[in-house]
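As you go down the protein sequences, you meet chains A and B in turn. Here the first sequence stands for residues 1 to 415, numbered as in this note's numbering. Here the second sequence stands for residues 1001 to 1415, numbered as in this note's numbering.
Each hint should be verified, as a subset may be incorrect.
No farther apart than 20 Å at their CA atoms in a straight line, the calculated lysine to aspartate or glutamate pairs in the EDC-like style are these [said to hold, decoys possible]:
1) Lys1086/B to Glu131/A
2) Lys1319/B to Glu1305/B
3) Lys86/A to Asp1077/B
4) Lys1086/B to Asp55/A
5) Lys1086/B to Asp296/A
6) Lys84/A to Glu1328/B
7) Lys86/A to Asp1344/B
8) Lys1319/B to Asp1297/B
9) Lys84/A to Asp1080/B
10) Lys353/A to Asp1077/B
11) Lys1329/B to Glu205/A
12) Lys14/A to Glu205/A
13) Lys329/A to Asp1055/B
14) Lys84/A to Glu1379/B
Treat the hints as calculated values from the structure; they're not laboratory data.
The lines below spell out each chain.
There are 2 protein chains.
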Amino acid sequence: MFADAAGAATLGTKIALRGGYIHQTFQGGYTYSPLGCRVLRNIERIIREEINAIDGQEILMPVVSGADLWIQSGRYDTVDVLAKFKGRGGADYVLNPTHEEVVVDFIKSVLETYRQLPFAVYQIQTKFRDELRARAGLIRTREFIMKDAYSFHVSQQDLEKYYARALDAYYKIFKRCGLKKVVHVLASSGDMGGSIAHEFQLISEIGEDTVYICDCGFGANKDSAGRGGICPKCGAKMRKERGIEVGNIFQLGDKYSKSMGLTYAAPDGARKHPVMGCYGIGIGRTLAAILEESADDNGPVWNMETAPFAAHIVALADKDVRVNDMAEKIYADLQAMGIETILDNRDARAGEKFADADLIAAPIRLILSPKNLDAGVIEAKYRLNDRDASQMKSSFAIDNCGREVNNAIKLLKGH
Amino acid sequence: MFADAAGAATLGTKIALRGGYIHQTFQGGYTYSPLGCRVLRNIERIIREEINAIDGQEILMPVVSGADLWIQSGRYDTVDVLAKFKGRGGADYVLNPTHEEVVVDFIKSVLETYRQLPFAVYQIQTKFRDELRARAGLIRTREFIMKDAYSFHVSQQDLEKYYARALDAYYKIFKRCGLKKVVHVLASSGDMGGSIAHEFQLISEIGEDTVYICDCGFGANKDSAGRGGICPKCGAKMRKERGIEVGNIFQLGDKYSKSMGLTYAAPDGARKHPVMGCYGIGIGRTLAAILEESADDNGPVWNMETAPFAAHIVALADKDVRVNDMAEKIYADLQAMGIETILDNRDARAGEKFADADLIAAPIRLILSPKNLDAGVIEAKYRLNDRDASQMKSSFAIDNCGREVNNAIKLLKGH
């Protein structure tokens, strides 16, 4: 859902709009339609499962906060994308573009002793950045949904252990979302003594970031790549690529715990500032990145974890009443089995139905026609990215359709 | 989580804060802790299931929108709680306190013909009201989470049919949340020729609304109650009660579809404005209402659908290593069965553990001690509201604990 460098809508943007996944409410702010919302919730589910698996605890912080927290951290006047407004009662508010201030204020109310450390909290919440210019599509929006996590530690060493777990979890998340070309690149120069950070970039021609990738496995963004594109690890020449940033992870040190006075009691009773990490994933961006990487002229290619529906029943009745009856029966059966299914029994041409099915892109498509009914089978078609459809069954027995669809789903989830 | 009329914190507020469910981020804005977020997500799940069951389709609209939509509807200057701000690029934005404008703008992009009607969309999203004064707790906050649904119809008659389904769904939702004293009351005077609306009010001493209830089943809020508290249905004297508004439903007519130019093609090709309904539930308020209705001095009483955990294992090791080993085994078993479980194996006094367990209020509590282990049983305690605990088993066989807990959960979900 990006415009290219010249501002033209890319294939992903066109498909997202043509398929009715999103609608622009204001420049830089989108409404997700029922179809788009299904994909969004699927991505959120994947993220929740993987962040829970690394002991993240879900919380929910407000979109708005008082200016006081940002004044405390020293960022009230330095973050240019911070939107500010005054309430009727005279209070100064901000729309949080990120939640370090808010989370530290919350953790101050719960952290007492080193025995509680380490821990990590995360939320899936809306944020607002007052960008001077928003691009078309979901890449640089003003309002966006993020998963942001924050971890708290007694030492830099302990932070680094968790940071490595988060890095692994991120690869699992993007893999489950069906993204193939995601790499992590160094995002600030560790050898300059600064703090470490990494970006997760989807390598893509239409990305707005420049990244340098070395065959040795090292990668860095433009600011951290060193001189002349020479790899600081092995000395080889690095490839220059374009990337879409879908996530980032930061080692924050005690910057926020110090400025905002977050402490815990160490074993000797001394008050200490915890060391923090923070970990973001743009959820709308991830949806957009999937489209940019996989969509073709006909529509998106979701996988079984992200697709808005697992199965799409196309009923081509051609005035044969048996077809719609059978389609409704199969629809009810699949729904009862917990399979997310959509039924197209509209009185419309086959071509129109297939074109719409391409835009919804359920991985499994079931085609019912009078001819198929006479043969006792349902024709099966697939919309797949990472697997050869020729290995899948090309028809299902009508009598055993639910079970056959379930088996196909299991097969496709294995990838 | 309310202050009473005098501004003092009520029992529900005290319990929510003492239990660490919420933390005040700014006056009128709260962070939900891991514990609070679990209850929130449970309430959201109940709402999603019941609104999906009346054919609601989930969407997600932005928190912010451009001023243009509110200028179009004519509400930009008339809604006093509308927070406004200017972006760096000069654009005028609002924080949506409700989403009629935004949803109509979205539906304009998808509605073409009468054949698509009726339909309903809903979202679970953050809203902001620039209240002059926020009360303590979750009753009158500035930022809050709502389920808001919008339905679209060809006629007033068709709207009324859906309105009745929504009303039923609301009772199911509040019942599943464990709320007992919820009534719906007329919220605007239908006999004045105006549009119909209803509020769902939890009858509660600490509520800030006044409602009139008649023995005949009729109820009305203060503005719609008629003269002298006489029931307009049966002529009897109505009871005056205090209520907490947890939801509301409105018949909007074509107010927004007309002012914002939303039309569809009627069968004869003419462009018509759909008739709309809207349907809100305050999610934080529902959580607060549960606390106000059920909490006692020791803590909340959740039911099996809303509780942050189904089971709470209290390990009283008393230096017997077998206890913590067994507690961890049972914890792992229950988790593997998909039962949300919390394990307290801290090195702390039994009294402290029980007090904390009261604040978390898992409906099933499993107590492991050396004595219990010797007897081969786990002591079971219950935190119940709508069922007599004496009907539940007071101990489980250690060897069969997972199955026995599962059976107890099934029993408790029946209520």
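Straight-line alpha-carbon gap Lys86/A to Asp1077/B, limit 20 Å: holds (16 Å)
Starting from Lys1086/B, check that the Cα of Asp296/A is at most 20 Å away, please. violated (39 Å)
Proposed proximity, Glu1328/B with Lys84/A (alpha carbon, max 20 Å): violated (49 Å)
Given pair status - Glu1305/B, Lys1319/B, alpha carbons within 20 Å: violated (35 Å)
Quickly compare the C-alpha distance for Lys1086/B and Glu131/A to 20 Å and report which way the hint goes. Roughly 12 Å separates the two Cα atoms, so the pair holds.
Would you mind confirming whether the straight-line C-alpha gap from Lys14/A to Glu205/A stays at or under 20 Å? Holds - the C-alpha atoms of Glu205/A and Lys14/A are around 16 Å apart, at most 20 Å.
Agreement of Lys353/A and Asp1077/B with the hint, judged by alpha carbon distance not exceeding 20 Å: Roughly 46 Å separates the two Cα atoms, so the pair is violated.
Is the hinted pair Lys84/A and Glu1379/B satisfied, with a Cα-Cα distance of at most 20 Å? violated (55 Å)
Between Lys329/A and Asp1055/B, does the CA-CA distance stay at or below 20 Å? Satisfied, since the Cα-Cα distance of roughly 19 Å is no more than 20 Å.
Distance restraint between Lys86/A and Asp1344/B, which requires alpha-carbon spacing of 20 Å or less: violated (45 Å)
If you draw a straight line from the CA of Lys1086/B to the CA of Asp55/A, is it 20 Å or shorter? violated (40 Å)
Decide if the proposed pair is consistent with the structure: Lys1329/B and Glu205/A, CA atoms, cutoff 20 Å inclusive. Not satisfied, since the Cα-Cα distance of roughly 51 Å exceeds 20 Å.
In terms of the numbered hints stated before, the structure departs from hints 2, 4, 5, 6, 7, 8, 10, 11 and 14, listed from lowest to highest.
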